[in-house]
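Engineer: Note that UniProt numbering numbers the sequence shown so that position 142 is 142, with each residue one more than the last.
These are computed hints drawn from the structure, not numbers from a lab. Honestly, I wouldn't trust all of these hints.
To be verified - Calculated pairs, DSS-like style, for lysine-lysine (alpha carbon to alpha carbon, straight line, at most 25 Å): (1) 129 x 140; (2) 128 x 112; (3) 20 x 41; (4) 129 x 118.
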Amino acid sequence: MAPRRETSIDVRKFVLRLFKKGKSYREIAKIIGRSNTCVQKIIRKFKSGGLIENERGRKCILSDIARRKILKEIKINPKVSAVKLAAETSQIIGRSVGAESVRDVIRQACYKSRVARKKPSISLQNQKKRLEFAKIHQLKTRNFWNKVIFSDES
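Build out the structure end to end from the sequences listed, making use of the hints.
Structural biologist: Now the structure itself:
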């Protein structure tokens, strides 16, 4: 497709002024230096919706209700994945919603993405030893614990 010049808002207003004065499409096109179809489209757009400016871009797939539902889920469980949220949301609104759309909603609400931290798995034998140690030292006095030197594996 050939590159197109966008008609400025001032020129569009000028086209409408000339049209209201009774000029034909051809005369208007000659005056502004554009094609007949350009003039026709400007006038047709004005007649159908009363618009001169371009409409904003693509419409949002998510409604306000869907956005609030996503943010509510994030508030309850911040570690839920965007893919799962997208699947739930698409079931609710009946249209497919991508994970990136969900991430956009989360970012716009200034939430940070969370990932569950991996916990080291403890063997059953080690669990029993830890519990036994805790039970033995549970009743020790404060004086005893003041004498203990805590170190970090060094």
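Engineer: Please write out, lowest number first, the hints stated earlier that are contradicted by the structure.
Structural biologist: Hint 2 contradicted; others consistent.
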